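For this one, chain P is given, so just place chain Z on it according to the hints.
Protein chains: 2
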Amino acid sequence: MFALSPVLYIVGIMLTGLAAAMLLPALVDLMMGYADWQVFAASALVTLFCGVSLMLTTQGKRTTVLNLRQAFLLTTLIWVVVALFGALPFMFSDLELSYTDAFFEAMSGVTTTGSTVIVGLDNTAPGLLLWRALLQWLGGIGIVVMAMGLLPMLSVGGMQMFKTEAFDTPEKVLPRAARFAGWLSLVYVGITALCALALYIAGMSGFDAIAHAMTTIATGGYSTKDASVGHFNSASVDWIITAGMILGSLPFIAYLKMLRGDSRMLLHDSQIRWFLTIALSAGLVATIWQVAMLSAHPLDALRYAFFNCVSVLTGTGFATTDFSQWGGFAMSLMLFLMFIGGCAGSTTCGIKIFRVQIAYATAGAQLGRLLRPHGVFIPHFNRKPIPDEVSNSVMGFLVVYMLCFLVLAMVLGALGLDFVTAVSGAATAISNVGPGLGDVIGPAGNFSTLPDAAKWALSLAMLMGRLELFTVLILLAPSFWRG
Amino acid sequence: MFALSPVLYIVGIMLTGLAAAMLLPALVDLMMGYADWQVFAASALVTLFCGVSLMLTTQGKRTTVLNLRQAFLLTTLIWVVVALFGALPFMFSDLELSYTDAFFEAMSGVTTTGSTVIVGLDNTAPGLLLWRALLQWLGGIGIVVMAMGLLPMLSVGGMQMFKTEAFDTPEKVLPRAARFAGWLSLVYVGITALCALALYIAGMSGFDAIAHAMTTIATGGYSTKDASVGHFNSASVDWIITAGMILGSLPFIAYLKMLRGDSRMLLHDSQIRWFLTIALSAGLVATIWQVAMLSAHPLDALRYAFFNCVSVLTGTGFATTDFSQWGGFAMSLMLFLMFIGGCAGSTTCGIKIFRVQIAYATAGAQLGRLLRPHGVFIPHFNRKPIPDEVSNSVMGFLVVYMLCFLVLAMVLGALGLDFVTAVSGAATAISNVGPGLGDVIGPAGNFSTLPDAAKWALSLAMLMGRLELFTVLILLAPSFWRG
Chain P
1 MFALSPVLYI VGIMLTGLAA AMLLPALVDL MMGYADWQVF AASALVTLFC GVSLMLTTQG
61 KRTTVLNLRQ AFLLTTLIWV VVALFGALPF MFSDLELSYT DAFFEAMSGV TTTGSTVIVG
121 LDNTAPGLLL WRALLQWLGG IGIVVMAMGL LPMLSVGGMQ MFKTEAFDTP EKVLPRAARF
181 AGWLSLVYVG ITALCALALY IAGMSGFDAI AHAMTTIATG GYSTKDASVG HFNSASVDWI
241 ITAGMILGSL PFIAYLKMLR GDSRMLLHDS QIRWFLTIAL SAGLVATIWQ VAMLSAHPLD
301 ALRYAFFNCV SVLTGTGFAT TDFSQWGGFA MSLMLFLMFI GGCAGSTTCG IKIFRVQIAY
361 ATAGAQLGRL LRPHGVFIPH FNRKPIPDEV SNSVMGFLVV YMLCFLVLAM VLGALGLDFV
421 TAVSGAATAI SNVGPGLGDV IGPAGNFSTL PDAAKWALSL AMLMGRLELF TVLILLAPSF
481 WRG
Chain Z
1001 MFALSPVLYI VGIMLTGLAA AMLLPALVDL MMGYADWQVF AASALVTLFC GVSLMLTTQG
1061 KRTTVLNLRQ AFLLTTLIWV VVALFGALPF MFSDLELSYT DAFFEAMSGV TTTGSTVIVG
1121 LDNTAPGLLL WRALLQWLGG IGIVVMAMGL LPMLSVGGMQ MFKTEAFDTP EKVLPRAARF
1181 AGWLSLVYVG ITALCALALY IAGMSGFDAI AHAMTTIATG GYSTKDASVG HFNSASVDWI
1241 ITAGMILGSL PFIAYLKMLR GDSRMLLHDS QIRWFLTIAL SAGLVATIWQ VAMLSAHPLD
1301 ALRYAFFNCV SVLTGTGFAT TDFSQWGGFA MSLMLFLMFI GGCAGSTTCG IKIFRVQIAY
1361 ATAGAQLGRL LRPHGVFIPH FNRKPIPDEV SNSVMGFLVV YMLCFLVLAM VLGALGLDFV
1421 TAVSGAATAI SNVGPGLGDV IGPAGNFSTL PDAAKWALSL AMLMGRLELF TVLILLAPSF
1481 WRG
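Line by line, the protein sequences give chains P and Z.
Residues 1 to 483 in the working numbering are what the first sequence lists, from first letter to last.
Residues 1001 to 1483 in the working numbering are what the second sequence lists, from first letter to last.
Bear in mind the hints are in silico, worked out from the structure with no lab data behind them.
Quick caveat: nothing in here was measured; it's all calculated off a predicted structure.
Idealized CB from N, CA, C, for every residue including glycine.
There could be a bad hint or two in this list.
[Unchecked claim] Output of the computed footprint for chain Z on chain P, the stretches with three or more beta carbons under 8 Å from beta carbons of chain Z:
1) 323-333
2) 385-399
[Said to hold, decoys possible] Covered by chain Z, per the in silico footprint, the following chain P stretches (three or more residues, Cβ under 8 Å):
3) 143-156
4) 416-422
Next up, chain P with everything else stripped away, as it sits in the complex (with noise of 0.2 Å):
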C-alpha cells in the first residue's frame, strides 16, 4: 500500500482553489442583485472547510515527488471530488435538485460533457449560469493539462505516443504540469477571450458571450439557454461556435508550438489533417442530405449541418436543431461521430482522432499482409513507425471502449430505459458528447427524467469517458491497492 497523505494534500489544494472559483459567480449574482450569491458562499466555506482540513491534516507528508499509482489516484480523485463539491451550488440553490442530480450536473460540468438535467435555464439566476460554464471551462483545462503532462506517462490506451523526451518519469509530473500549466492557461484564457469577444460582437450580451466562450473552448456544451445555441437563432453566433468548438479540439501544444514561432504542426499534423478532414466530410454530407433529401435551404443546411456535426464530432453537445428529426441516416451518422472526439492534448474526448488513426494504419497494414505475406508492411502515424506495444495499447483502449459501451447500454436498459435511449445514452455519456438521440434524451430533450441508478451509472461512465478509462479502471483492481 502506498502513502495516501501526498495525494490528499494535492486534493486539498484543489478543493481550496475550487472554493476560489465558486466566489466569483457569488460576485456576479451580488453585483446583478440575486440572493443566490449566498448559495455560493455557504457552499464556498464547506468546500474551504473540508479542503484546508485536508491539507492540514496531510501537509506534514506534502511532496512534489508522486509515484505512479500516486498519480492514478490523484487524477481520479479530482474529477471525483471537484464533482462532489461542485455539486453544492446546484443543490443549495433555488432549483433544489437532489443532490443526485447536482452531483450529476456537477460531473457533466467537469468532464465537459454537458448532459444537463436543469430546466428552466431562461428563468436561473446568472450566478449558477456561470457556475456551470466555470465547471466546464476549468474541466477543460484540466483535461489538457493532464494530457499532457500526466497521461503520456502513464501509458493510457496509446497515450505514450505522445511522450515528450525529457519528462518520463512520474517523479516529475507535478513539475512538468505547472511548468505547461502557465502558458497553456495563457493560451486558453487567449482563445476563449477571442471567442467572446466574436459572440459578443454577433449580438449576444457580454454575459452570454463570457459564458458561451467558456463552454465552447472547452467543447463543453452547456449553455444559458433552454433551447442551447438554437436560442439565439444567429448564423454568425453558430459559425462562431463552430470554429470555437473546432479551435478547442485541436492539440494546444500546436498553440503554444506556434506561440514559439513554429507553426509548422499546426499546418501539417497527421492527427489535425485527419480532424478537419472528419470534419468537413461530415459537414458537407448532412448538408447535401439536408438539401436533398429534407428541401432545405443550402446555407441554412450548411450552417445547421456543420454547427451539429461538429458539436457531436468535439463532443460538445451544443444544439441549434433537433437533428433526430433528419432521419435514419443522421442518427447513424451523429452515433458514429460521437465516438471519435477530436485530437489527443485538446479539451474534447471520445475515442479521440489518433486512436482512429492507429487502428486505420494497423488494419491497413493488415490488408497489405494479406496481399503479400513476405512483404513489410508497418503501420505509421504522422510519419514515424508505430511500435507494437502502441497498436496494442490502442487496441486494449478500444475493446474496453466498446464493453464499457455495451455493458452500459444493458445496465440502462435494465433500469427501463428505451432502447434508443439506453444506447444512445452510453454512447453519449462515455465520449462525453451530451445530448443523447431520441425523444428523451435527445437535443430537444433532458436528462431530468432518467431514474436516479441510471444518473450515478451515467456519472460514472462520463468520468471514465473523460479520463481515458484506464485511469478509473485501474483503481478497481485489487493488485493496485496492494503492493
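Then chain Z, alone, in the frame of chain P:
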C-alpha cells in the same frame, strides 16, 4: 494479373454440384404432388448449363495448385455464384419474387444468416422450404471446410492461430480441403441426423424435423413456418434446437478429434469454455430479468431466455417470441450477443469467441502494464502466448468490423430506414444473425418491406460478414488485380 481459368473451373464444378442439389427439392415436390418440381428442374438445367460451360471453356487450365490470390478470389466467387444461381428457384416459383428478393433470400441462406423476405411460409410448397434449408446447410458445411482448410492459411483476422503445422502453403489448399471434407461431412451429416431424429421424436413431422435440423446445425435460422420455431410451441422442440445450435457453434475439429478417441479439446479448449460461459450467463441473466421484471413463469422464462439468447449469440436467428417486448435491457443484451458469435471453425458467424478472447487478453495485459510498467505481460490464448502479429490481425479485424457496421448503418439510414432498423439491420447482416430489432425487421417482422437498394447492401454485408470481411475487401484493392 493472375490466371482466372483455374478459379473458374472450380466454380464450374461447384455450379454443377449446385444443379445436382436442386434435384432434391424437385424430387420432394414430385413425390408430394406439387407442380413446383418444374421450377427446380428448370433452375437445375440453367445452373448445369452454366456450370458445364464454365468447366468446358476452362478445363485446359485446371489444376489443384492455386496461388494466394486465386484462393481469395475463389472463396468469394463460390459464395456469390451459389447465391446468384440459388436464387433462381425463388424467382421462378409461385412466390414470384423479384430477382433482388430472390438473391437476398439465397444470399441470406448460403451465408447462414436467416433473414427472410418471404411472407407466407406456412403455405409454401415443400420443395422451396427444403431449398432454403439446403442452402443454409450447404453454406454451413462450406464455411467449416473453409475455416479449417483455407482461412488460417490466408491469415485472415487472426485465423493464422489455427494453422495446422503440416499444411500451410497455398498450393495445398485444395488437397487439404478435400481431405478434411470427407470426415467433416460425416460428422456434419451425423449431427444433423441426430438433431432431426430428436425433433421427430419431439413431435415434428419428418419433413419439418429434417429442415429444422439442417438450419439448426448450420446456425442458419430458416424455418418452415412463418412463426419460426414458435409455431411448434413445444418446450422439448425449443430445448433440442437450443442444444443443436450450440453443437453447430463448437469447432468441428473437436468432433473430428473425438472420433479419433481424443476428447480433450471438447473438454478443455478455452474457446469452447468461453462460448459456453457466455451462453450460460446470457441465458441466466435474461431468465432472471423475465422473472423479476416481467413476472414470467421461471420454467418458461428459462426456456425462452436460453433459446433466444443462444439463437442470437450463435447467429442462428430462430425466434420463439418477440424479445423486443422484453424492453431496452433485453434489446441491448441481444445487440451485444449479436456481435459475438460462436467458435472459429464452426458454422457460426460474428466476431467469434477467439477474437473476443484475444482482445480481452490484450486489454488485460495492457492494464497489467499500466500497474507495473517494467513487468512483463504477455497475453495468452489457450495457454499459449499470442504473437503480436495475431493481436494486430485481430485488432485490424475488429476495426474493420466496426467500420463496416457503422458505414452500413449510415447507408441503410440514407435509404430511409429508421434508426433502430438501420442500426440493428446492419448488425444482423454483418454478423449473419437473421432478424434485427424493432417493428420492421425484428423477430416478428420481415425484410420484404425494405427498399431494393437496402437488400443489396444487406446482401453484400452478409457476404462480407460470412467471409471474415478481409476475404471480400481484398478484392477491392487495385493492387490485388495488378501485380
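Hints the structure violates: just list their numbers, smallest first.
-> none
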